[in-house]
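**Q** Sequence:
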Amino acid sequence: MNPDSTGLDTIFLTYMGNQIISKGPSSLMSRLSFSQQDPSKGDASITISYLDVGDTATYQCKVKMTSGNLASRKVTVSIQVRPSHPQCSIEGDQSYGKDVTLKCTSDEGTPPLSYTWKKIAGPTNPAMPVLNMSPLNGNLLIKNLSDAYVGAYQCTVGNKVGSGTCTVDLSVSSAANRTGIIIGAIFGALLLLLLLLLLIWLLICCCNKRRYEKEIANDIREDVNAPPPSRTNSRASSVRTAAGYRPHHISYSLRRVYNAAPKEEPTAPSLSGSESFKPKFESPAPTPEPIMIIPETTQFHPYNIQRVGGVPVMVPAQSREGFIV
Numbered sequence: 001m002n003p004d005s006t007g008l009d010t011i012f013l014t015y016m017g018n019q020i021i022s023k024g025p026s027s028l029m030s031r032l033s034f035s036q037q038d039p040s041k042g043d044a045s046i047t048i049s050y051l052d053v054g055d056t057a058t059y060q061c062k063v064k065m066t067s068g069n070l071a072s073r074k075v076t077v078s079i080q081v082r083p084s085h086p087q088c089s090i091e092g093d094q095s096y097g098k099d100v101t102l103k104c105t106s107d108e109g110t111p112p113l114s115y116t117w118k119k120i121a122g123p124t125n126p127a128m129p130v131l132n133m134s135p136l137n138g139n140l141l142i143k144n145l146s147d148a149y150v151g152a153y154q155c156t157v158g159n160k161v162g163s164g165t166c167t168v169d170l171s172v173s174s175a176a177n178r179t180g181i182i183i184g185a186i187f188g189a190l191l192l193l194l195l196l197l198l199l200i201w202l203l204i205c206c207c208n209k210r211r212y213e214k215e216i217a218n219d220i221r222e223d224v225n226a227p228p229p230s231r232t233n234s235r236a237s238s239v240r241t242a243a244g245y246r247p248h249h250i251s252y253s254l255r256r257v258y259n260a261a262p263k264e265e266p267t268a269p270s271l272s273g274s275e276s277f278k279p280k281f282e283s284p285a286p287t288p289e290p291i292m293i294i295p296e297t298t299q300f301h302p303y304n305i306q307r308v309g310g311v312p313v314m315v316p317a318q319s320r321e322g323f324i325v
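Counting from 1, one number per residue, gives the positions in the sequence shown under the UniProt record's numbering.
Keep in mind the hints are simulated off the structure, nothing from the lab.
Computed from a predicted model, the values in this text were never measured in an experiment.
Among these hints, one or two may not hold up.
[Claimed, not checked] Straight-line Cα separation of at most 27 Å, DSS-like style, residue types lysine-lysine; simulated pairs:
#1 98 to 74
#2 160 to 103
#3 118 to 103
#4 98 to 62
My request is simple: use the sequences and hints to build the entire structure.
**A** What follows is the structure in C-alpha cells.
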C-alpha cells in the first residue's frame, strides 16, 4: 500500500478466475506466495520468506464477493534489525581540565536505538560529577577532565531485537608529559631517518668500491718499465744461453796453422874426415804470432770454416750493466 494517501496503491498479487497473477517486482515475488493453494475457499493469506528491511510497509487485502460487495483489511509489517557491533572512540584533548567526548556509533539497527554508558574499571569517586549524555546519538561528554574520570567505559546499544557493546579506556596526562612525548617522537623519527640515509650511503660506497676494483682488475697498464733483472737469474740465463744455444750473428776467424820445424837428423862421423864430431841441436820452434779475432759477417758457416782448418769462437754479448746475456 502506498504511504502517500493521494497516490495509487501498487498491486503485486491477484487471484481471479482460478488463476494467480503476479505483478510485483521479481525480488519480492520470488519470496511471496499464497498460504492456501485455493484462495477462493475464503483464505487469501500470503507468506513472505526471507524478510528484509525493505519489506517494511503497510499491506492491504481486497476481496470482491459474488454478491458484489467489496471488503478490505490493512496490516502493517515492521522489520526489526538488531544493532551492529558498535565502535567506541575518544574525541578531544586528554589533559587535565579539558573536555572530552566518548563516542559510540552503530552502522546498522532498527530505530529507536538505546545507548547506555557504564564505568567498568578505574577509581570510584562518589563525588564524581554527573556525566552528560546525548539521548540522540549516545555521545558521552566529560567536562573538566581529572583523575576521577580515568578508567574503562562500556557502551551498550540495543533495540527490541538485540544489543551490542564496546569499551574504551580514558586516561589523563599533563601538558608537560605530552610535550615530552611529542619531542621524543620527533627525535626518534629524525634518528630513524639518519640511520636510513647512512645505510643508503654505505650501500652506495660498497657498490662503487666493487665497481672500481673490477675496473682496476680489467685495466691494461701502458708505459710501465720492466722490473730490474736479478743478477743471479741473469748469470744463470747467460750460462744456459752460452751452453745450449749458438746464435747466428757470431762471427768466426781463422787460426794460422804452423808446420813443425824440420828436424835435422844427426850424421854419422866420417871415417875419412879429420874433423871432430860436433852434435847439432834442434832450434827452438818459432813463437806463433798472436791470433786476432776480427768480427766478420755471417756469410761463412761453421762447417766451412772447420773444413779449411778454422776454429769457431763464440763471443758472448754483454748488457749495459756488464752482465752476460
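**Q** Give a verdict on every hint.
**A** Status of the hints after comparison with the structure:
no. : hint       : in the structure
1   : 98 to 74   : violated (55 Å)
2   : 160 to 103 : holds (22 Å)
3   : 118 to 103 : holds (13 Å)
4   : 98 to 62   : violated (63 Å)
Violated hints for the displayed structure, listed by number in ascending order: 1 and 4.
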